[in-house]
Amino acid sequence: MNKVVANADEAVRDIPDNAVLMLGGFGLCGIPENCISALIKKGVKGLTCISNNAGVDDFGIGLMLKTRQVKKMISSYVGENAEFERQLLSGELEVDLVPQGTLAERIRAGGAGIPLFATPTGYGTEVAEGKEIREMHGKMYVMEEWLKADFAIVKAWKGDTLGNLIFKGTARNFNPMMATAGKITIAEVEELVEPGELDPNMIHTPGIFVQRIFKGENYEKRIEQRTVSK
Amino acid sequence: MPLDKFGIAKRIARELRDGFYVNLGIGIPTLVANYIPAGMDVILQSENGLLGMGPFPKESEVDPDLINAGKQTVTTLKGSSLFSSAESFAMIRGGHVDLTVLGAMEVADNGDIANWKIPGKMVKGMGGAMDLVAACDNIIVAMMQTNPKGESKLLSACTLPITGKACIQRVVTDLGYYEIKDGAFNLLEIAPGVTVDEIKAKTLGKLVVSEKLKTMEV
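Going line by line, the protein sequences match chains A and B.
Each residue of the first sequence is one higher than the last, beginning at 1 in my numbering.
Each residue of the second sequence is one higher than the last, beginning at 1001 in my numbering.
No wet-lab data here; the hints were simulated from the structure.
For every residue, glycine included, the Cβ atom is placed at its ideal position computed from N, Cα and C.
Careful: at least some of the hints might be erroneous.
Simulated DEER-style distance windows between Cβ atoms [as the list claims (entries may be wrong)]:
no.	chain 1	residue 1	chain 2	residue 2	range
1	A	Gly196	B	Asn1034	43 to 53 angstroms
2	B	Lys1058	A	Gly138	44 to 54 angstroms
3	A	Glu217	B	Glu1059	35 to 45 angstroms
4	B	Pro1148	A	Pro115	25 to 35 angstroms
5	B	Asp1182	A	Glu135	32 to 42 angstroms
6	B	Asp1041	A	Asn201	33 to 43 angstroms
7	A	Asn201	B	Pro1148	22 to 32 angstroms
8	B	Gly1079	A	Gly196	23 to 33 angstroms
Pulled out of the complex, with its shape left as it was, chain A reads as follows:
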């Protein structure tokens, strides 16, 4: 078994036009910076990107919007990105806004083999339009479908060559669920180690979910709101 690839270019080599991608991260925290750069270099088009946010104008997925590589975004919050808003209001970009918890659960369901589930979120709102509604135990629920991707691209702190992953801080966010929901899951990590170096008790994502792994480089980890106390 060899999951290790040399770099981001090799990891994304066979991602075709019109692929459905999942990209981990919350805001700019825990995003797969290396693979985003490689996708821009590769120039694939017509992508559907499932990601909680759409980056900012000059970083993260925002860079892929600028190069018009994204056909559709499935996200919960896109407020930090003027180019996104422009493309959306002009109809160039298709957007499916999904409540954050529903988005997380739809991805989890996709990875766990659960095609449909009931959630109270969005009942009575436009999010529920066209969806089956069910009353259970006296409360109304919206039936939501799983989400899966051709390629799930995640960013972890540490990983081993078998694909076991550990995340750091709030950079975990959507990454663990996405890792389970890709036909092919690509993990970029800050530290890549040999099997046995990570404590099995501390693994967040077991290696079975990961098909390709590489050590990323030059992480910028841009901060959106640098707030400090004295």
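Got chain A; can you put chain B on it based on the hints?
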């Protein structure tokens, strides 16, 4: 004098109880964290995956891998925990969060809330707000009584696309403290120096002035 945003946050802080797990939204709700009574254990949940959110870091402690739901750099505390977005919303949807405080663009007298979209103008998305209002049974809205144009945000029906249906129990504005009950805003407390007439003029939804109306302590 109507309250300022700090006054609103102070009033809401009086609703905190020892042992509460609390989710604070962006804006005025965030300020509530500054007024947690001394000696009270209140644990803040940030829906991007942190329970036990600490204050902003010192310049030397800034960690880009540690932010809150408003994308601000924060810190952990002794006893904090970190988790995925799915687990975070299991806490929220599963009813494990004791109190949610969030802002709103409109609230209706039946408990509907709108705070995520202005058709044709603003399309930022709902983030975690729809999950929070759908699942928590203790929600306080923190907002100004009127919008920047001076129009009431307390309505008989929301004009904007709603975030949740009949889910808001309490509203604290710069003018008063309201409980939403039986299809009306029940005014229980009034901000110091504000008159009932002013509140009537700035409330478009059904208003009931409590017989036990008192002046807000802040």
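Here is what the structure says about each hint:
Between Gly196(A) and Asn1034(B) the C-beta distance comes to about 47 angstroms, which sits within the given range of 43 to 53 angstroms. With their beta carbons about 50 angstroms apart, Lys1058(B) and Gly138(A) fall inside the hinted range of 44 to 54 angstroms. Distance hint check for Glu217(A) and Glu1059(B): the Cβ-Cβ separation is about 26 angstroms, which falls outside the suggested range of 35 to 45 angstroms. In this structure the hint that Pro1148(B) and Pro115(A) lie 25 to 35 angstroms apart at CB is violated, the actual value being about 45 angstroms.
Our hint of 32 to 42 angstroms for Asp1182(B) and Glu135(A) is violated, since their Cβ atoms are close to 23 angstroms apart. Taking 33 to 43 angstroms as the suggested C-beta distance range, the pair Asp1041(B) and Asn201(A) does not conform, at roughly 28 angstroms. The hinted window of 22 to 32 angstroms between Asn201(A) and Pro1148(B) is violated, with their beta carbons roughly 53 angstroms apart. A hinted range of 23 to 33 angstroms for the beta carbons of Gly1079(B) and Gly196(A) is consistent with their spacing of about 31 angstroms.
In summary, the numbered hints that this structure violates are 3, 4, 5, 6, 7.
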